[in-house]
Structure formats: structure tokens, C-alpha cells
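Residue numbers (the numbering used here), protein chains in the order written: chain A, 1 to 295; chain B, 1 to 256; chain C, 1 to 367.
Since the hints were derived computationally from the structure, they do not count as laboratory data.
Each residue gets a CB set at the ideal place from its N, CA and C atoms; glycine is no exception.
The reader is advised that the hints may include incorrect statements.
To be verified - 30 Å max Cα-Cα, derived DSBU-like pairs, lysine-lysine:
#1 C/126 <-> B/150
#2 B/10 <-> A/178
#3 A/178 <-> A/89
Claimed, not checked - Simulated DEER-style distance windows between Cβ atoms:
#4 A/187 <-> B/61: 25 to 33 Å
#5 A/261 <-> C/127: 12 to 20 Å
#6 A/163 <-> B/193: 50 to 58 Å
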Amino acid sequence: MSEGIVYWLQQALNALQLGSIYALIALGYTMVYGILTMINFAHGDVFMIGAFFCFLAAVYLGLPFVPTLLLTMLGAALVGVMIERLAYKPLRHAPRVSAIITALGIGIFLENFTLALAPYPKNIPPLLENVTWDLGGVSLSSLQVIIIFLSLGLMFVLDYVVHRTPVGIAMRAISWDKTFVPLMGVPLDLIISVTFAIGAGLAGAAGTMYGLAYPVIDPYMGIMVGWKAFISAVVGGIGNIRGAMIGAFILGGVEIMVTAFFPSTYRDFVAFTLLLLLIVVRPYGILGQPRTQKV
Amino acid sequence: MALLVATRVKHYFGGLCAVADFNLELQSGELVGVIGPNGAGKTTIFNLITGVYRASEGSIRLRDIELVGKTPHQITALRVGRTFQNIRLFRDLSVLDNVRIAHYAQVRYSPLEALLHLGRYRREEERIIENSRRLLSIFKLEHLAGETAKNLPYGSQRRLEIARALAIDPELLLLDEPAAGMNPNEIDQLMEFIQWIRREFQLTILLIEHQMKLVMGICERIKVLDFGETLAEGPPEAIQNDPKVLEAYLGEGPVG
Amino acid sequence: MKTMRNAGWEWLMAQRWLLPVLIAVGFVLAFAIPEYNLLNKYVQLVMMYVGINIILTVSLNLVNGYMGEFSLAHAGFMAVGAYTAALLTQKVLPVAAYPGLFPLAVLAGGLMAALLGLIVAVPSFKVRGDYLAIITLAFLMIVKSVIENIDYIGGPRGIPGIKRLTTLPWVFFWTVVSIWVVRNFVYSKYGRGVLSIREDEIASDLMSVNTRRVKFLAFMVSSFFAGIAGALFAHLLQFISPRVFDIIKTTDVLIMVYLGGIASIAGSIIGATVYTVLLELLRPSTVAAMLGWLPAVVFDPLNEYFIRHLGVWRMVIMPLALVLVMIFAPRGIMGLREFRWFIPRRDLDAHRRPTVHGGSHGAARSH
Ligand SMILES: Nc1ncnc2c1ncn2[C@@H]1O[C@H](COP(=O)(O)OP(=O)(O)OP(=O)(O)O)[C@@H](O)[C@H]1O
Ligand SMILES: [Mg+2]
């Protein structure tokens, strides 16, 4: 293979890895938005909590990969549900800004609470034996394969759950109407909690995989990654699950491109400029639907 | 000269044709009613005239000025006032402020004068306070000037909305179902009141109403819409006996 | 606008002449305190922070409280003001020889921020709520990222060694100016336009309010004072870097706005003061001073722990406090209410019931 093609394949692979992690987190933003039309600004920090749970499970409990992953997802889901019950539920009928501010506050709380307990960055031990294959110049690691396939697998499971199971149907019904659907016997609170649990669980999985790919973790790691995931969700059309996945891979691709051509400090600049342009030009994203307001 | 001329106005919401080929010529000083079943496109016509939506096709001219393409505040500043089918007051603001806000286009001072409370600021503020209180007293709301709008009883909120629309100093007033939720007694009062403000403020009025008593009682001309199409147009007596109109309203009881 | 109910308070608020007297006394004190060292240096410093935070809070309240939009860009405007002013005093203006040039630098910082405020106002024409929050946040990130990528202004390292030109009188002066200007703006046709946008933007437009113009003005005034605050902050802290102006800084101001109360100048003053002072009280040295009476066996390990960790726990408690305020008092301490001192007499009179004997100023209604 020519050097150029090898280079681009390598970059595409990196983009796929980054995109999968963004996608797992973006799903949480989009699901919560879909059901509550609320941006859960604390979601990026749930991802961070996930990475720390992974650290705890791997180091203090000495668990291998699969139990670590499951425990992390479970822990993150629990945190997600707790946030919803304690902080967001009392504000369901309050003005929307109250919910936004609360979410921001919860995010900062999670960051600093973690910092108070873990003042120094932590190292996640390698839970998987990492083999690197050389495919005609393109290097492919087993870790990359696992991250990409696990993410895709989780996304397919979610897509199935949302479109094919009673819980998923209830979720979609509630996102459509919160006044009458509950009167037909759909348990509103339970479904909202399940939504938070699934979203946070996926963020937990993302935290684990991120921790394996970039082993040094710190309490502020969720801010930027969270925002990137959020941008992905907006790019795809917030509230739209498939859109979030597409958006994540687009953003992953754009970021890898930028770092290939410019100093890496330009990456955030480009990502946020992209977000700005998109919101001005097509605020409802790639797969979203425009809404009109009736007078 | 006609005050308002709408020619071949069409409007689509996605695939739905809400207004199809709407034509209207409104003479200065006229009082014209628009009736039609729910979803006929009446409110949409108000929204097209006031610039909330941009007509998909056609032209709407006020004193020969094209309105299509103008923003709501530009159109309002051309002296078009309106009320809303569902009351849209500034709920958390005082009754007085609701009326004062509608003076925006008439207040003449610059941002700098506003920031420093200098120059024309004082004179203009006093002028609009006086005018607002005058309007409130006409509507018997003066004693409630400091009350928060949302605390007013329903009837007073309706009156406040008309007072606010008059604060724009309109030549053309659009009333969207002013009698909604009123009892027959109140409707009688409202009819008298509309005719009174029309004389007092020299208004041209276009009004949407489901209450046939009101429409038939005070309008000089009536336009009947159904599914965005104009079904009939003419003086109240003619409309009352028009077979097409009776058919459209079948099931809603006899007209009149 | 509502005012507070309570007889004694009513009486106090009716004494409108007190406000100018208080401002005059404040000015005299602002000069006298540093001159004669009436208070120790630390307390003086805290007072200056309180002033700067009041400027930030009042100005953010204009957009987030009065207008009901949700802007997260405040720290970005602050950064622009801080960098503009610091570069001027460091590289352009000979402030060492002519300290009188400092206000020019501060003003330039405010104007530069106002210019950027114009740009941020544009997206607010089309979107609001969550989406505006995202746009303004993106703007903040972009400002930070641009600063980080310009080596001439120190890149990620920032600007060290800024001269300490911010003094108590200057802070007091700008605090008074910001309160006065924002208050004037609020009680003008533009300010009422701002309120009507919060209530119902479409209806506002249909009542002849030029909503775009009003938004431009509100964002400009708001960002102007954020820039002023940034300039003062830079010349007090004597060091700025992109990290100083991140989302945490905006969140600080948000807390002060929503704690004190939306759409209230009095609320902004209270919120900024309470929050700043509370944070200072949670400093290890202050806590140690307060717990000094404890026996050494208890005090020493406690003190040790506080010195190491209190800084972090402060940042745990504060966001939690914000969440609690949102849940239990979503409008803040003074939400939608105002000290009558700040309401022009003309407005107060206009809201009064018509009285039989013609308006007497004594019998004011409670709101
Ligand atoms: N913003 C909008 N988006 C999509 N469809 C709309 C919108 N506004 C109105 N419509 C549709 O256009 C049609 C006409 O609506 P309009 O509100 O003008 O009816 P109307 O004659 O005022 O009825 P009513 O007597 O119930 O007030 C209806 O079918 C309505 O559903
Ligand atoms: Mg209607």
C-alpha cells in the first residue's frame, strides 16, 4: 500500500475509536433530552465517575475486565438515577433555566467531590493484554478492536431496546407527551429513571474504555470529553439516537483531521466553531426535525 | 383608498394548506368579521398580516406598503395592533408595564439617553405614563396599574389586552376572538365597547369571532372561511342565508 | 416591580435621600480606608473582590435575569476585558509615569468586550434556552482557545507581573457606575423591552418592540461591564491566564445571580456580597481563627486537615448550595423584587392607585 493510503487508514481507525467513545456518551445526552427536553450538563462528569469506578474495581477489587466493565456500568447507572431523583425531579415543573443551572451545579459538585477524595491523577492498570497487529503498515491494536466493537455492540442493543421493547416504546411515547401517556398506565417516573440509568450506564462503559485507552484519569477529564459528546449529539440532531451516533463519528473524524494538519491546541477551537456554525445554520442537526411555535 | 389590501395570499405549513387564495380589501373605518369553523385558517391570516409568518405567496399591502417580508415590529410600527386568541399578556409584569411596553415604537429617545436618563428621557417617559394611565382608565383598570397581570380576573385580562393593542396607536386593529369565554351579558357590553373604541380611536377593525351574535350584530361585512378557502363574503343578512355557509356550519346549530 | 413588605423597612426605603448620602460616604471611606489603613489589607482585598463580583453579577443579571436568556459567556467577556487592559498597561500605555492612564485601559477593556458582546447577541436572535447556553459556552471555549494559541499574549502561560493598579476607590467607582447604568437601562423603554422578551418574545415583537435592537443593547451593556470587571480583576490579581476565565468562573457568577435573585439589582448586590464573603469565611486561615478556642489536641489535626483540603471542600459545598437554592428558592433571595431605592420615583408613582386627595408620597403600596 502507498504511504498516503496507510496514513489515512490509520487516521480513520483512530477516528473510529474516538468516535465510538463520543457516541456512547452522546447517547446519554440525547436520550435525556429526548424524554425531558433537558440538557443534562452533568453527564460528562458521570462519564468521569465511570472511569473512577473502573479504577476502583480494577485496583481495589482486583477484578478482570468483564466484571470491571459490568460493575462500572452498574455504578454509573446508579449515580445517574440518584442525580435524577434528588436534583432534577424536584425541578420538573420549574422554569427550564433552573434545571440547566442545577445540572451545571451537579457537574461541578461531582468534579470537586471526586477531587476531594482523589487529589492526584490515577493510573488505570492494563486490564487486557494488548496485542498490536500490523496490517500492511496500518497498526491495529486489540484494544482498538475491543473498544470499537463493544461500543457498536452496545449501540445496537440500545437501538433494539428503544425501538423493539415495551420499555423503549414507553420511552418514546413519553418523549412525545407527558400529560396523557401516563394516564394510559405508563409509569412516568420509572421510565424517566430507566432512561437516566441506561444513559449513565453507557457513559460508565465509555469511562472504562477511555480509561483503558488513555490510562491516566483525573476528576476534570469529563468536562471536555462530555462537551465533545454533547456536540456530537447536537450535530446528529439532539433527541435522535441514531443521529447521536452519526454525529459522534463525524466529530471524531473532524478532530483527528484537525490534529493531523494543525497543532493539537486547535482541536477544541475547531470543534466548538463547528458547533456554532451548525447551530446557526441547522439547529436541529442532521437527523432532527425543525419545530415551529404556534401563535 | 383602501387601508389594507390582501391579494391571492397563500400559506402552507409543510404540506398543509392553511390559507388558500385569500383576498380582502378593507376600507378605512370599516368593521369586518372573519368567521369559519375551527382550523379554517382565521388566526393564520392575522399572523400573516402581522408578520409572524411570511406568506408563501401573494401580497398584503397597508396604505400601499408591502407587508410581506417585514418583521412583526416593523408592521406594528405601521400602526397595526392586535390581540390574541389565547391571552398573551406579559404575565409577570405589572398592568401598567404591559401597556407601556406597547409604546416602544413611539418613544423617541436614544440608547445613550436611556442609559444616562438624560435628554428626552424624562419628557418621553412622562408622556407614555400619562397615555398608559389614560388607556387604563378607559378600560377601568387604572386602580390595578401596579397589579401583576397574571393576577387579574379573566375579563380584565381580555380588556388589558385590548388596551395594550391600543397603546400601539393603531389605525388597523385585529381582534382574535375577543368574546371567547364571555356570557351573553358580557358580549352585549363588548359589542357596545368595540363600537365605542372604533369611533373614539378612529379604528378600522378586523375581527375573528365564533359568537354569531357579536359578528352579526356589529360587522358591516363578513368573510367566511373553510379549509383556508373563502366560502362567502357579504353583509350579515346575506351570509346568514347563504346555503354554503349553512352547510359548513351544519352540526354547530343554525347561524345567528 | 415588587418591593419588600415590612413597616420599618418601608420607612427606610422611603428615605430616598439616604442613597446619595450612602454613596458619598462610601466614596470617602473608599479613599480613607487604604490611606489610613482603617482595615487590614486582607479585608480591603475582600472588599475589592466583592465590588468586582457585584459588577459581574449585575451585568450578567441583565441577560440571564431580566431578559431570561441563558448566557454562559460572561467569563469570556471578562477575559477580553482583562487581556485588553493588561496588554495596554503592560505594553502600550506608560502607566508607570502617568497612573491616570489606568482608567483608559479599563475603559478600553470594557469597550472591547462590548464589541464581542455584539457578536454573541446575533445567535440569540434565532435561538434561546438550552441552545443559547451552548452557543455562549462555545463562544467562551473559543475565546479561551484563541488566547491559548497566540504566543504574543503569553499563550497558555498567560501574563504575569501585571501592575497592581486596581484600588478600592476605583472598584467602588465602577461598582456604582455599573449599578447606576444597569438600573437606568432597566427603567427605560429598552429595559421594558428586555422584560417583555423574557415574558413572551413573539408577543413582544408584536407590541412593536424591536427585539433585535434590544438584545444587542442588553448584550452590549452586559458584556461591557464584564470587560470592566475583568480589567479590574487583572490589575488586582496581577496575573491572568486562559485558565482563570474558564467555565468555573462563569458558574461563580451564575451562582451569585441566582442566589441573589433574578431580575433584581438589590439581589445582585446581596448575592455577590454573600457568596464572596462566605467563600472567604471558608478559607483555612479564617476557619482556624474561628476555631482558635478549641484545645490544641483537637485544633492541630483539624487545622492541618483544613489547610490541605478546605480549598477543595469549598468547591464541593458551593455547587451543592446552588442546587439547593434552585430546588428550594428558584428565584433566589430577591427574585423579581427590588429595593425601592433603585426604582425611579416616576415609576413608583405611576404604579400607584389613584388616590382621592391626589398622590401623596407617604402612602406607598407594598408592591
Ligand atoms: N405553526 C403551525 N404549524 C403547523 N400548522 C399550523 C400552525 N398554525 C396553524 N396550523 C394549522 O393551520 C390550520 C389553520 O389554523 P388556524 O389557527 O389559522 O385556525 P383558526 O381558523 O384560527 O381556528 P380556531 O377557530 O380553532 O382558532 C389548522 O389546521 C392548524 O392546525
Ligand atoms: Mg384561531
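Is 25 to 33 Å right for how far apart the beta carbons of residue 187 of chain A and residue 61 of chain B are? 56 Å Cβ-Cβ, so the 25 to 33 Å window is violated.
Taking the beta carbons of residue 163 of chain A and residue 193 of chain B, is their distance inside 50 to 58 Å? Holds, at about 57 Å.
If you draw a straight line from the CA of residue 126 of chain C to the CA of residue 150 of chain B, is it 30 Å or shorter? holds, 27 Å
Per the hint of 12 to 20 Å, is the separation of the Cβ atoms of residue 261 of chain A and residue 127 of chain C within bounds? violated, 31 Å
Regarding the pair residue 178 of chain A and residue 89 of chain A, is the alpha-carbon distance no greater than 30 Å? Holds: residue 178 of chain A and residue 89 of chain A sit about 14 Å apart, inside 30 Å.
Is residue 10 of chain B within 30 Å of residue 178 of chain A, Cα to Cα? violated, 34 Å
Checked against the numbered hints given earlier, the structure breaks hints 2, 4 and 5 and satisfies all the rest.
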